[in-house]
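Participant: Between the sequences and the hints, there should be enough to build the whole structure, so can you do that?
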Amino acid sequence: MTESLLGFAILLVLILFRVPIAFAMAAVGGIGFALLRGWEPAWVLTGQVAFDTGLSYSLSVIPLFIFMGNVLAASGVAHGLFAGADRLFGRFRGGLALASVFSCGAFSAVCGSSLATAATMSKVAMPSMRKFGYDDRLATGSIAAGGTLGILIPPSVILIIYGLITETDIAKLFVAGVLPGALGIVLYLVAVRVAVMINPALAPEVEGKEPMSRTDTIGVFCVLGLFVFIMAGIYGDFFTPTEAAGMGAGASVLIAIGLRSMTWADFRAALFDSIRATAMIFAIIIGAELFTNFINFAGLPDALADFVLDREMPVWMVMAFIMLVYLVLGCVLESLSMVLLTVPVFYPLMYQLPFESSLLLDPENALIWFAIIVVVATEISLITPPVGMNVFILKAVLQDVSLSTVFRGVFPFWIVDILRLGLLIAIPGLSLWLVGLM
Amino acid sequence: MEQHRRRTPGQPPRGGLALRPVLENTLGMGAAAILAALILITCVDVVGRYFFDAPLTGAFELTEVLVAALVFTALPLTTERREHVEVDLLNAAFPPALNRYVSAFAGLFSAALLATFAWRLATHAIKTMGDGATTNALGIPLAPFGFLAAFACLVSAFLAFLRGIQPDDPTDPKPEDRP
Numbered sequence: 001m002t003e004s005l006l007g008f009a010i011l012l013v014l015i016l017f018r019v020p021i022a023f024a025m026a027a028v029g030g031i032g033f034a035l036l037r038g039w040e041p042a043w044v045l046t047g048q049v050a051f052d053t054g055l056s057y058s059l060s061v062i063p064l065f066i067f068m069g070n071v072l073a074a075s076g077v078a079h080g081l082f083a084g085a086d087r088l089f090g091r092f093r094g095g096l097a098l099a100s101v102f103s104c105g106a107f108s109a110v111c112g113s114s115l116a117t118a119a120t121m122s123k124v125a126m127p128s129m130r131k132f133g134y135d136d137r138l139a140t141g142s143i144a145a146g147g148t149l150g151i152l153i154p155p156s157v158i159l160i161i162y163g164l165i166t167e168t169d170i171a172k173l174f175v176a177g178v179l180p181g182a183l184g185i186v187l188y189l190v191a192v193r194v195a196v197m198i199n200p201a202l203a204p205e206v207e208g209k210e211p212m213s214r215t216d217t218i219g220v221f222c223v224l225g226l227f228v229f230i231m232a233g234i235y236g237d238f239f240t241p242t243e244a245a246g247m248g249a250g251a252s253v254l255i256a257i258g259l260r261s262m263t264w265a266d267f268r269a270a271l272f273d274s275i276r277a278t279a280m281i282f283a284i285i286i287g288a289e290l291f292t293n294f295i296n297f298a299g300l301p302d303a304l305a306d307f308v309l310d311r312e313m314p315v316w317m318v319m320a321f322i323m324l325v326y327l328v329l330g331c332v333l334e335s336l337s338m339v340l341l342t343v344p345v346f347y348p349l350m351y352q353l354p355f356e357s358s359l360l361l362d363p364e365n366a367l368i369w370f371a372i373i374v375v376v377a378t379e380i381s382l383i384t385p386p387v388g389m390n391v392f393i394l395k396a397v398l399q400d401v402s403l404s405t406v407f408r409g410v411f412p413f414w415i416v417d418i419l420r421l422g423l424l425i426a427i428p429g430l431s432l433w434l435v436g437l438m
Numbered sequence: 439m440e441q442h443r444r445r446t447p448g449q450p451p452r453g454g455l456a457l458r459p460v461l462e463n464t465l466g467m468g469a470a471a472i473l474a475a476l477i478l479i480t481c482v483d484v485v486g487r488y489f490f491d492a493p494l495t496g497a498f499e500l501t502e503v504l505v506a507a508l509v510f511t512a513l514p515l516t517t518e519r520r521e522h523v524e525v526d527l528l529n530a531a532f533p534p535a536l537n538r539y540v541s542a543f544a545g546l547f548s549a550a551l552l553a554t555f556a557w558r559l560a561t562h563a564i565k566t567m568g569d570g571a572t573t574n575a576l577g578i579p580l581a582p583f584g585f586l587a588a589f590a591c592l593v594s595a596f597l598a599f600l601r602g603i604q605p606d607d608p609t610d611p612k613p614e615d616r617p
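For the protein sequence lines, the chains are A and B, in the order given. 1 is the number of the first residue of the first sequence in the working numbering; add one for each residue after it. 439 is the number of the first residue of the second sequence in the working numbering; add one for each residue after it.
Keep in mind that the hints were calculated from the coordinates and are not lab data. The structure presented is a predicted model; accordingly, all values stated were derived computationally and were not measured. Quick reminder that beta carbons are idealized off the backbone N, C-alpha and C, glycines included. Check the hints yourself; a few may be wrong.
[Claimed, not checked] Each pair of labels, with its calculated beta carbon distance range:
{"#": "1", "chain 1": "A", "residue 1": "Arg37", "chain 2": "B", "residue 2": "Glu462", "range": "35 to 45 angstroms"}
{"#": "2", "chain 1": "A", "residue 1": "Thr263", "chain 2": "B", "residue 2": "Thr464", "range": "50 to 60 angstroms"}
{"#": "3", "chain 1": "B", "residue 1": "Tyr488", "chain 2": "A", "residue 2": "Gly422", "range": "35 to 45 angstroms"}
{"#": "4", "chain 1": "A", "residue 1": "Gly90", "chain 2": "B", "residue 2": "Ile578", "range": "51 to 61 angstroms"}
Facilitator: The following block contains the structure:
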């Protein structure tokens, strides 16, 4: 216990001194393990973990899904989604903001990363909202918040990694993310409407329609088709999530070629971005594995479980405490490292807590439910100051907007996110209903 | 604030060291080709299985070894661009001179760690070679991938070391980017 906490403290110091998170975790984990167990086993373990993590079949989904998202981002389908969504919501005041939220959700369905979703949609949706005189707060807020759905609506890089840490079925995790993601879209739409009702100056009284070309229409059907193809393939057991990623990546290249909107340079950039992101993510995974190995060996998860169960703490209190940890850590850490550092500590609790809901008595269900809650808590951290990553993405794309503008714009969405987190914790059925139908 | 550094296309090579094009044309092209191969293998396997009743033998193993090759080949590219996730929450609070030392420390720390990994991966690869470990169906020897991983870590260690002795970071956020 003491060793683990000391390890966490040293890790935090290293991270604050700008050592890349992956390397800091590897160093603390490796040296910590060596001090507890001896240098020889630690050395052997280091080489083995690094090599075996690379040699992982199930992790191959990561480069494939990242590439799929990057290719589709370059293929121009995002504009189609935005224009299509404007056909649905254009008659309401704040129509383009509603369309931004909705199209972010739609793009999430083919993109596993929140940052990529926000970056892609901001390039598509911001120019129109600016042209028609939207307040920057509403415009940037709706994209930054909408983009967070990227890691909840399948495919999702975070859910894949959660599945690997906890040995939960990735197909089930994906299915579990669908309804909470849809709930997220609905609540964000409500947030836009309420924000505009309270302060009508946020959105113009009249706005033009976003033009929609034939290519845009085809793009919408391609995205829809691709999502249905991937989900039906996984759901119907036609292929594994890993194969779905490869097929999706292949299909996305065909879509991009068919739409003729992607240049060679775009394609090359999509490839190179994907491989660099892959190395970045695997470095974090390897580091986190070494670190987790150390805290497991030092007995932190067991000590935590004993602490909670001996005192017979009520479930809601435990969950509230865990959520608090996520919201606080979210202020400092990036989402993937946060999930990798915390999930190994908390997940053993999920099959020991005395839940009241009969759904959660099945340990696998409890782990799936916890996955969705962790992802939504992570989503919230993406738009919470001081480090809300999605807010920084918007700021990077739109140089002339100040960070505080985006953070203020995100506030209504932050409120409904907290509401959603509460709903998902209180009603496990929201996450587990579709899984039960599988 | 924290930076999850993402690519900016067309960014000029920095510091007069034209390392980036060299890396991209060698390791980068290799990794890109591996990624393309990964996609192709899955598609051929699945399409073959359903439409021609002829799945690709050893698709599983090929995927495994190619992912390992992809990850390690791409590592130097990520390291060179300083795209490993770092937290620069304290940057705004520190004076610029101190920030240089912090950045140098981070670079040297990373270099030492990556060099350790290179050493351990090489040792692991030698052992694997001694055991004659191969994949199950296709009999692909695993040792070369271990040596590749060790080599890539060594290159990455060198690139991180360069940052250690040349800590100015042109990708640093400008002051007005900070909250």
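Participant: Hint by hint, say whether it matches the structure.
Facilitator: Now for the hints, and whether the structure bears them out:
{"no.": "1", "hint": "A:Arg37 x B:Glu462: 35 to 45 angstroms", "in the structure": "holds (41 angstroms)"}
{"no.": "2", "hint": "A:Thr263 x B:Thr464: 50 to 60 angstroms", "in the structure": "violated (23 angstroms)"}
{"no.": "3", "hint": "B:Tyr488 x A:Gly422: 35 to 45 angstroms", "in the structure": "holds (44 angstroms)"}
{"no.": "4", "hint": "A:Gly90 x B:Ile578: 51 to 61 angstroms", "in the structure": "holds (56 angstroms)"}
Against the hints set out earlier in the document, a violation occurs for number 2 only.
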